[in-house]
Each structure stands twice: as structure tokens, then as C-alpha cells.
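There are 2 protein chains.
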Amino acid sequence: MSDPPIQAWIDAHRPRLFAELCDYLAIPSVSALGQGIEAASDWVERRLTALGAQVRRFEPPGGNPILYAELGPAEADRALLIYNHYDVQPVDPLALWTQPPFEPTQREGRLYARGTADNKANFLSRVQAVEAWQALRGPLPLRIRWIVEGEEETGSRSLPGFCAAEGWRWADSAGCLWEAGYKDEHERMTLYSGLKGLAAFELVARTAEVDKHSSMATLLPNAGWRLTWALASLKDPDERILIEGLMDHVRAPGPAELRALAAIPFDDAAFRASHGQSTLLTGVRGAEALKRHLYQPTCTICGVTCGYQDPGMKTVLPHMALAKLDFRLVPDLEPELVGRLLRAHLDARGFGDIELRPLAGEHPAPGHPESAVVRAAVEAVAAVSGVEPVLWPHMGATGPMHPVTSAFGIPAVGFGTGYWDSRNHAPDEHIRLADYWEGIAVAAEFFARFAAAPLA
Amino acid sequence: MSDPPIQAWIDAHRPRLFAELCDYLAIPSVSALGQGIEAASDWVERRLTALGAQVRRFEPPGGNPILYAELGPAEADRALLIYNHYDVQPVDPLALWTQPPFEPTQREGRLYARGTADNKANFLSRVQAVEAWQALRGPLPLRIRWIVEGEEETGSRSLPGFCAAEGWRWADSAGCLWEAGYKDEHERMTLYSGLKGLAAFELVARTAEVDKHSSMATLLPNAGWRLTWALASLKDPDERILIEGLMDHVRAPGPAELRALAAIPFDDAAFRASHGQSTLLTGVRGAEALKRHLYQPTCTICGVTCGYQDPGMKTVLPHMALAKLDFRLVPDLEPELVGRLLRAHLDARGFGDIELRPLAGEHPAPGHPESAVVRAAVEAVAAVSGVEPVLWPHMGATGPMHPVTSAFGIPAVGFGTGYWDSRNHAPDEHIRLADYWEGIAVAAEFFARFAAAPLA
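Just so you know, the protein sequences line up as chains A and B, in that order.
Per numbering that gives the first Met the number 0, residue 0 is the first one in the first sequence, and the count goes up by one each step.
Per numbering that gives the first Met the number 0, residue 0 is the first one in the second sequence, and the count goes up by one each step.
Simulated from the structure, these hints should not be mistaken for laboratory data.
C-beta atoms are modelled at their ideal positions from N, C-alpha and C, and glycine is treated no differently.
Be careful, since some hints might not be right.
Coverage of chain B stretches by chain A, computed from C-beta distances (three or more under 8 Å per stretch; other residues unrestricted) [what the hints assert, rightly or not]: (1) 198-209; (2) 274-288; (3) 311-321; (4) 420-428.
Straight-line distance between alpha carbons at most 20 Å, and here's what the computed DMTMM-like set of lysine to aspartate or glutamate pairs gives [unchecked claim]: (5) B:LYS211 x A:GLU238; (6) B:LYS211 x A:ASP267; (7) B:LYS313 x A:GLU152; (8) B:LYS211 x A:ASP183; (9) B:LYS211 x A:ASP91; (10) B:LYS313 x B:GLU208; (11) B:LYS211 x A:ASP420; (12) B:LYS290 x B:GLU238; (13) B:LYS211 x A:GLU152; (14) B:LYS290 x B:ASP267; (15) B:LYS211 x A:ASP266; (16) A:LYS290 x A:ASP247; (17) A:LYS290 x A:GLU369; (18) B:LYS211 x A:ASP427; (19) B:LYS313 x A:ASP91; (20) B:LYS313 x A:GLU201; (21) B:LYS290 x B:ASP266; (22) A:LYS290 x A:ASP331.
Simulated DEER-style distance windows between Cβ atoms [claimed, not checked]: (23) B:LEU241 x A:LEU241: 17 to 23 Å; (24) B:LEU241 x A:GLY282: 23 to 29 Å; (25) B:ALA94 x A:ALA272: 44 to 50 Å; (26) B:ASP352 x A:ARG13: 51 to 57 Å; (27) B:ALA269 x A:LEU241: 39 to 45 Å; (28) A:GLU208 x B:GLY285: 20 to 26 Å; (29) A:GLY282 x B:ALA269: 54 to 60 Å; (30) A:ALA31 x B:PRO14: 55 to 61 Å; (31) A:ALA31 x B:ALA433: 50 to 56 Å; (32) A:LEU93 x B:ALA268: 56 to 62 Å; (33) B:LEU257 x A:GLU208: 33 to 39 Å; (34) A:GLY285 x B:ALA251: 56 to 62 Å; (35) B:LEU241 x A:HIS185: 45 to 51 Å; (36) B:GLU354 x A:GLY285: 30 to 36 Å.
Given the sequences, and given the hints that come with them, work out the whole structure.
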């Protein structure tokens, strides 16, 4: 059941709240292109300061400003950490947008702009929830620590160093509200409490200085074959990852995680249909598919380039071949460990000639589905929206949850104002305005419930 | 011993002969891209007509023009067939060229341009030899039939049909001068009388309509992996071709071929050094390396394209992956047979989803090392250059020798103006100008000797 005074406050202030959202969305803060970073970080700093927060601005060398804010009563004995980011994805292909991506446009109850669902509306709905609380009830019921970074869409490269240096400021937080969340096709909010990690590499085979004539393939080595054989040694056609020792580090889900998994409604026929597949890999179905998705690591060829690739034929013996691989990591796999095992595996299998270049790494963040912060989120969503949410122990996707929360043992939960068709990272990204108004009320309800929840 | 009047004529006309060569090389006749085909075929047609040849232009449907010229006295009772091509290989990677590939550039006695060694200078040295003969001696000592095609670098797809329809015009030729030849690291011209065949294919894996987010790699198939596994099933890291039944069709060299092989001086240390390799594939050395090169087929990855290939990382699950493969064929392997065996192998190994598209096919052409045309070439090279040539029964490379000569029982021989480091098909392709001037004289000497040689 939603809180009537909060709803009334939101209804009474809609024009201003909406105008403020459009103002923030109009800043083209594309981190990949270095655009709008100062404007967006200044906007966030001003907005948090206006709430009464004490805001510190950190300027990581070579990175984008990270804002760290504290607000709420100093005497409160519970602290909530919130993580958001002010940067957005590039807008290309621009031609596929119905309107300019940084001119927020309302159409049929939806608000279109780059950054609506990912992640500006989530940030502002939480800000406006604090404002509503303060207007209606006075001091917040807990202390809030708020991290707003500007490199999430380019891999959060400055964040781990910032967390290692400044994490003492928020290490005793009792929970963390993560950046975003989405309603599914059945209007159920999808909550999640953890994320997979990521390790990405380039594998490079080099067998000569230049390509040779392919008639010499009797005697001279071929970088294309070297890379093919090296790749084929990593995973077999039955989808078994063959890297020596890697699967030994995959932790089986615990009882709480399995309970959470069993409670997730997963329609594998709908999933297969939406992806145009008659079967899923290894033939998994239903709950087994979901378990595989969340609790198995991946080893993925994201790209390969080698030799002649234009139309027709060129009879060359390629001197160089390059593959880009990513691994999605479950506990206890970590990027550095995967790199070491991969190097050792290649060496042991006779592929010492294959160069291995790390491209990106993020640690997995295990979920805590039975923690107080998750329970408060489940209850807040159900109470305000009237629809029971779906709790995922963690998501198949990746984000910098490890350095922000897991490293300090802080349980996290994500919810937000997006829905299944919000088109993150794609043209015509949008949210539904009804979800936005509801999201403000959910955030306020969540503050109340988390402040009062018994900790485990 | 070289012919003094021929040498004097070449020396006296060098600037014009050189300018003419540069003019021809400047035409970017890349058959794989359909570039410069009209310009190059017109150039050849004009040049042969200027020699007094009767030139017919055939326009195969969907193919590039084939020029067929006849010249020399109608009453001559011996005919020589000559085969050349006016098309060249693509130029990529363009960044590795020292100068633009279609701006012929002289540097330290070398002439750099795409098509110098393969095959424009060979063609023109023969044309200029005819011109020299006519200027110094009058009518040619034999009749010449000349085929100049424009699809050699893409597999000569129109040529077999042309040969089947028009071969009656040259079927009674006593020998054929093939397109090219190269001096080895010891300045010995390498003559050859046969060629390997070729079968080229595209293998295509397709697992979805569009790329997906790589977090879905737990459940959705990856075209990159499908292709990698299919390729790895074709050849193992010990260079064994695994295609079921293929090696059963490889004919072992007979005693005569082995004797010819034993007469070839092959310096494997020099070969390894020139290719920057400490060992050759499978560890072969000396005569064993040569035997492997000439009497073993190959299975070569010429190119692979899949997913994201730009700098940095994009976490995609590729929906499509494509490889270009070529096989160099020894008797009795034929392209259609290889295609059938490859399809059956993929199906049997669980890769029925891999599409197989034939790109090119050429039958192997066995050599005739004891024929009159070969003996005339050996003698002409020795007489003009003063260095005994090396006779190879056949070459590791490929050309359409089967439909042009073997199908009619015409013995063939190849020599030309390239050398071991001419970098055919690669950046900075070039010839040495001294070889070019010598090549004109060798061609004229060859005409004389072949006209007078007793036939077997």
C-alpha cells in the first residue's frame, strides 16, 4: 500500500519534478566521447548540495569526476550507500532515433532521451524521494552516502582506486541501493542483489612479419591456424570450458541462492522465441536454464580478425590473427585469476606463442538475497506498486559492484524506473512516466523500511 | 651466351620499354574488386594488336574479358601457346606499402608496384621480345597463340568454359609458355612444368539474426565458436588434414618424379632464413621439405571475420562468422572431390549448420619435364643468363594450367622476371630491373630454340 501523503506531494509537484528531470537529461554526458562531463557532474553536485548534502568532488587522474555525498542525521545509527552514474552511452546510430537523443520528449506517457533508463531517472527519483521525505517528515530516518561516478559506460576505470582510497567513508553502511532496475513483461519489478564479473582479453597469434602466398602453407606456419587451435583448446562443442583449473573455482550456489532461484518465474519458451532459438545451449530448459545463466561462467569469442576478409578470394597465408574474448565471472572467479589460468593453459597446451593482452576486468559481486536491504526493497516495491517483485540473487550482466560494496561486505539491491523495453544503450531509450512517479514513492518507502529493518 | 644484337636493341630502347611497363602497372586491375578490368584488357588488346597480332576479345557472361591473339607466320609448322593474365591481387594491407601500389616506383634497381612479378612484367617482357625479334630479324620463327585472361587471381572461373569452347584454336600447339618464373636465392631461374590445383571455400556460421549482449553466452549460441570448432576439426596442430578420406586420394610421387626431385638443389637453411623461421612445419628439412611442398596438399585459413574487430572491447555474442579456406591440390585431388569430402566431413562431425560456399577450383596439372618446350626453356635461360636453371617437375603454386594445356596434352614450362623476394600477393611486390631486361632476351632466345627443337 502506497503512502498517501508521499503520493499527494508527488502529484502536487509533478511539473517541477518533470522539468528537473528533462533539464538533467538534456546534458549530453557521453563518457566514451568525453562530452558533457563537467556539465553533468556540476549538475549532480548542485542538486545533491540543494538537498542539504555535504558533497566532495574527487578528480581521478585521467578520469571523470566522482561525487561523494553524505546526508541525513549525523546521529542516525544506520547508513545506506547509493550508487549511480551521470554518464550515458553514445547515441549512434543517430538515424534510428525518433527525436534528438538529448532533447527529452514526452510521447504517449513515455519520456524519450538517452540516459532515461540508464541511469539519470533512477538517480533523480531517489533525489526527489529525499526531497519529499524532508518536506513531509523532516530529517531522513537514516544516513545516506551517495557515490555518483562518470565512467560507468566505459568500464569504471577510476572507481576501484577511488574505492580503495576512500571506502573507509562508507565501509560500515548496512546496505547499498544499486543504480537501476526494470519491470519485466508481466509488470513485475526485477530486483537483483549481485552481478557477474568480467574478464576480457585479446589473444594474438603472429607467425611472420607479413602475409605469405598460400602455396607456402606446406612449410610455413599460419597465424589463423595457430589462433584457431588455441581457441578450440579453451572450450569444446559441448560448451565445456577446458581451461585447466578454471571450473574448480566456480562456487556452487548456496541454499539461499537456490531458494531465490526457485522463486524466479522463467518462461523459457518465451525466451527461446524472443531469441529465435529452438533450444538453448546444452539443451537446458526452465529452472536449469536460469541456474546455468546465473551460476556458470562464460568463455565467449566476441570477435576474430585474420587475413583476407573482403569479398571473393585471396590466397594468403595470414601472418597475424587476433581474437577478443570475454568471460562472465561467477564467484569465486576473478579477472586476475582467469588471466593466470588462461596463460598457464595456453603454455601447457603448446600455445606459448599466443600473446595474451588483458582488456578489462571486473570482479563478480555475490548476491545477498536474504539481507535486510533486499528485504526492504522487496517490501517497498510490493507495498507501493501492489505487484510482488521478482528477486534475482544476481544478474547475468556486469557492473562495478565489487569495489563499491562486496569489497566491504555490504549487501546490495537494485531497483529503478525502467521496464523491459526501455532500450538501454539503443536508439529511442525511454521510460514510462507512471514508472517514474511510482519510483519516487518506492524510494521513499524503501528508506523507511530499510531504516527500521532488523539486520541479520 | 646471350645474343648481342638483342641485348643492344634492349639497351637502346630501355626508356621506352620501361615507360611502357610503368604505364601497364599503373592500371589497378584488381579482379577481386572488379577494378580496372576494362582499362587493363583494352591495354593488352592494343599492345598485342600493335605487334601485328590478330586479337579476338571474348566476353564470358559474368566474367572478365579474355583476349586470344595469334601472330607469326601462318606457314610456320610449329605453334607456341603463351598464357598470361592482366589482373592482380588486392593491395591490402595498404599501410604496409612503401609507396602507393599503383604508382610504379624505381628504387635501388627495383621496380615496385602491385602486379610487377605477378604477372604484368612477364607478359610485357614477352611482348617486347617479339617486338625485338621483328625489329632485328623479321618474321617470328613460329606461330604464337596467346591467351591473356583477367580472372587468374580470383580462380579463373571463366577460363575452363572458354577453353572447352575455343580450345580447338590452340589444341595442336607443341608447347606452352606459362605465365611466370622466379630466380631463387642463388640466382638460378626456377623452371616448372606443372602446377598444383586449388579448391577455395567460404565457411559460414550463422546463429542468430543480430549480435546479442555477451551476458547471454550462457544460453545462446555463438557463431564464432561454431566456426572455430568446425575449423579445428579440419586440421590438427601437427598439420594432419583430418577431413575423412581426403588423404586417400593423394598419389605418391613415382620413381621419375622422385629422381627429378632429387636433382633440385634446395637450401632449407636459406629458405628458413628468408622466411624468418627456425623450423619448417612438421620439422621437415632438405629434400623431405621439398617433397612435402610438392607432393602434399594443404588446408589453409586465408581469412576469418567475426564480431567486433575495432580497438578495445565490445561485449557482443557474434551472430555470424566467416572463414575463407584454400586447399592446394596434388594429383589425384580435384576441387569437386574436396568440396564433397569437406561437406560430408562437416556433416559427420556435427557441423551441418556450417554453410559451405565454393569460391574457386582448379585441377592440378602434372608436369612434363622431358618435353621439347621444357628443354628449350632450360637451354635459353642457361644461354642468356649464364646460370644453369633448376627444373621443378611442378610448382607449389596454382594456375589454370589444366584447362589451357593438360586437357589437350600440351606440355608447359614457366619462366619469368621475378625473383625469390618479389613478394607476390604481399605489400611492396617488386622485380629487379636487371631481371626484366634479361627476361626479354631469354624470351627471344626461347622462341628461337623452341622453333628449332626436335619434338619427342
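Structure-based check of each hint:
1. 198-209: Holds, because 3 residues of the region 198-209 of chain B bring their Cβ atoms closer than 8 Å to Cβ atoms of chain A.
2. 274-288: holds (count 7)
3. 311-321: holds (count 9)
4. 420-428: holds (count 5)
5. B:LYS211 x A:GLU238: holds, 18 Å
6. B:LYS211 x A:ASP267: Status holds; Cα separation ~17 Å.
7. B:LYS313 x A:GLU152: Within the cut-off at roughly 11 Å; holds.
8. B:LYS211 x A:ASP183: Measuring from Cα to Cα gives roughly 19 Å; hence the hint holds.
9. B:LYS211 x A:ASP91: Given that 20 Å is the threshold and the Cα spacing comes to 17 Å, the pair holds.
10. B:LYS313 x B:GLU208: Holds, at roughly 18 Å.
11. B:LYS211 x A:ASP420: holds, 15 Å
12. B:LYS290 x B:GLU238: Answer holds: LYS290 (chain B) to GLU238 (chain B) is near 15 Å, not above 20 Å.
13. B:LYS211 x A:GLU152: holds, 18 Å
14. B:LYS290 x B:ASP267: holds, 12 Å
15. B:LYS211 x A:ASP266: Given pair LYS211 (chain B), ASP266 (chain A) holds - Cα atoms ~19 Å apart, limit 20 Å.
16. A:LYS290 x A:ASP247: holds, 18 Å
17. A:LYS290 x A:GLU369: holds, 18 Å
18. B:LYS211 x A:ASP427: holds, 18 Å
19. B:LYS313 x A:ASP91: Distance of about 14 Å is within 20 Å: holds.
20. B:LYS313 x A:GLU201: holds, 12 Å
21. B:LYS290 x B:ASP266: holds, 13 Å
22. A:LYS290 x A:ASP331: holds, 16 Å
23. B:LEU241 x A:LEU241: 17 to 23 Å: holds, 19 Å
24. B:LEU241 x A:GLY282: 23 to 29 Å: holds, 27 Å
25. B:ALA94 x A:ALA272: 44 to 50 Å: Roughly 46 Å apart at Cβ, these two residues keep to the hinted range, so it holds.
26. B:ASP352 x A:ARG13: 51 to 57 Å: The hint (51 to 57 Å, Cβ to Cβ) holds, given that ASP352 (chain B) and ARG13 (chain A) are roughly 54 Å apart.
27. B:ALA269 x A:LEU241: 39 to 45 Å: Between ALA269 (chain B) and LEU241 (chain A), where Cβ atoms are some 40 Å apart, the hint holds.
28. A:GLU208 x B:GLY285: 20 to 26 Å: holds, 25 Å
29. A:GLY282 x B:ALA269: 54 to 60 Å: holds, 56 Å
30. A:ALA31 x B:PRO14: 55 to 61 Å: The hint (55 to 61 Å, Cβ to Cβ) holds, given that ALA31 (chain A) and PRO14 (chain B) are roughly 56 Å apart.
31. A:ALA31 x B:ALA433: 50 to 56 Å: Once the Cβ atoms are compared, 55 Å apart, the range 50 to 56 Å for ALA433 (chain B) and ALA31 (chain A) holds.
32. A:LEU93 x B:ALA268: 56 to 62 Å: At 59 Å between Cβs, range holds.
33. B:LEU257 x A:GLU208: 33 to 39 Å: holds, 34 Å
34. A:GLY285 x B:ALA251: 56 to 62 Å: At roughly 57 Å between Cβ atoms, ALA251 (chain B) and GLY285 (chain A) fall inside 56 to 62 Å, so the hint holds.
35. B:LEU241 x A:HIS185: 45 to 51 Å: holds, 50 Å
36. B:GLU354 x A:GLY285: 30 to 36 Å: About 32 Å separates the Cβ atoms of GLU354 (chain B) and GLY285 (chain A), which means 30 to 36 Å holds.
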